[in-house]
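FYI, in the working numbering the residues of the sequence shown are 4 to 292.
The hints are simulated quantities; they were obtained by calculation from the structure and are not laboratory data.
Keep in mind it's a predicted model, so treat the numbers as computed, not measured.
Glycine residues also receive a C-beta, built at the ideal position from the N, C-alpha and C atoms.
Any given hint might turn out to be false.
[Claimed, not checked] Across the chosen pairs, the derived CB separations fall in these ranges:
#: 1; residue 1: Pro53; residue 2: Ser105; range: 39 to 45 angstroms
#: 2; residue 1: Ala187; residue 2: Arg12; range: 51 to 57 angstroms
#: 3; residue 1: Gly143; residue 2: Glu37; range: 21 to 27 angstroms
#: 4; residue 1: Pro126; residue 2: Glu37; range: 41 to 47 angstroms
#: 5; residue 1: Ser162; residue 2: Glu11; range: 40 to 46 angstroms
#: 6; residue 1: Asp34; residue 2: Arg277; range: 50 to 56 angstroms
#: 7; residue 1: Ser105; residue 2: Arg213; range: 42 to 48 angstroms
#: 8; residue 1: Gly42; residue 2: Thr232; range: 56 to 62 angstroms
[To be verified] The list that follows gives simulated cross-link-like pairs (lysine-lysine, DSS-like), each with its CA atoms no further than 30 angstroms apart:
#: 9; residue 1: Lys215; residue 2: Lys258
#: 10; residue 1: Lys179; residue 2: Lys158
#: 11; residue 1: Lys278; residue 2: Lys258
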Amino acid sequence: MASESELERLLSCVEFRQESNEVEGIDEFRDLLEVDRAGRVLRFLCRSLPKLKGQVRGGIAFVLAEHYRKTGAVQSLRELFASNDEYVRESVLNALWGEPGSNPEMGPAIVQMAIDAANDASPGVRTEVSYVLQNQNAWGVDVAAGIGTLRSLLKDPNSRVRHQAAYAVGNLAKSKRDMTSCIAQLRRNVKHKDMYVRESSAWALWQLSRYKHDVSSAVPELVWLLTDTEEYNEPRKKAAGALVHHARKSPENTKVVKAQVQSVVLDKSRREIRKFIEELAACPHHGTT
């Protein structure tokens, strides 16, 4: 096991790289904690954390939070998350994407921490909430209590928060969660000024349609998104995917989508628009386009 001086040396090598937006040098501590049977490395990091600053402090907080998650130390995790340092809070949530482990209290505790963080002053912390909820859901944790939180984050003043919340909503829908309550705000976000919010919102509506949600109310907004003039074509592609999937469900859906398409001018020079028109024409309705 590394000596105190070696641990000090390793800690001095931990640094934040602006160009990659990553904290380098923490993997050595992650490896050491795996074999830290006597708890020496853990105690060293806990002592050192208050002396560190900024992203480096966040990086070490990530290491500690990951260790607590893996070992089932719920109370230690809560105490770490209670920090008044936004880098620590964001890093703790980032460490909670992973499997909750064998402690049955860990999954619910992680979900509650994510819910509590939805009102955090830091957009970075609020963004992590959606990542945590969608990943814990993927691990089989019951995140139903967080659906209202995601609905709230879809209205967040920060575009990045809205963007990730929409992806989380779509991913929960894919796991057969009832996300109907999020459709109204997703409709609004399809017309958001930020193109990435538009993209993720259209994608989420597509997933909701795929997993037995009725997205009829969002058809006007999705058709509007087909007219988006940005060169970045992903928002249009996601809108087209949602509309075609919805139309294929029934002749009545096809009729409604086609009628709405008639009210806009589509740029047929764009490949995704030509593909959409072809796929819509093949849907189960014999009216005119």
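Tell me if the beta carbons of Ser105 and Arg213 are separated by a distance inside 42 to 48 angstroms.
violated, 33 angstroms
- Message: Holds or violated: the 51 to 57 angstroms window for the beta-carbon distance between Ala187 and Arg12?
- Response: Given range 51 to 57 angstroms: holds, Cβ gap about 55 angstroms.
Checklist entry - Does the Cβ pair Ser162, Glu11 satisfy 40 to 46 angstroms? => result holds, 41 angstroms
Determine whether the Cβ-Cβ distance between Asp34 and Arg277 falls within the hinted range of 50 to 56 angstroms.
holds, 53 angstroms
For a C-alpha distance cap of 30 angstroms, please report whether Lys179 and Lys158 respect it.
Holds: Lys179 and Lys158 sit about 23 angstroms apart, inside 30 angstroms.
Between the alpha carbons of Lys278 and Lys258, is the straight-line distance 30 angstroms or under?
holds, 18 angstroms
Given pair status - Lys258, Lys215, alpha carbons within 30 angstroms: Holds - the C-alpha atoms of Lys258 and Lys215 are around 19 angstroms apart, at most 30 angstroms.
Query raised in the report: Taking the CB of Gly143 and the CB of Glu37, does the distance hold inside 21 to 27 angstroms?
Result: With Cβ atoms ~24 angstroms apart, the hint holds.
Range agreement (Cβ of Thr232 with Cβ of Gly42, hint 56 to 62 angstroms):
holds, 59 angstroms
Hint check for Ser105 and Pro53 - Cβ pair distance inside 39 to 45 angstroms:
violated, 30 angstroms
Review point. Could one say that the CB atoms of Pro126 and Glu37 fall in the range 41 to 47 angstroms?
Key: violated, 33 angstroms
Violated hints, in rising order: 1, 4 and 7; the structure is consistent with all others.
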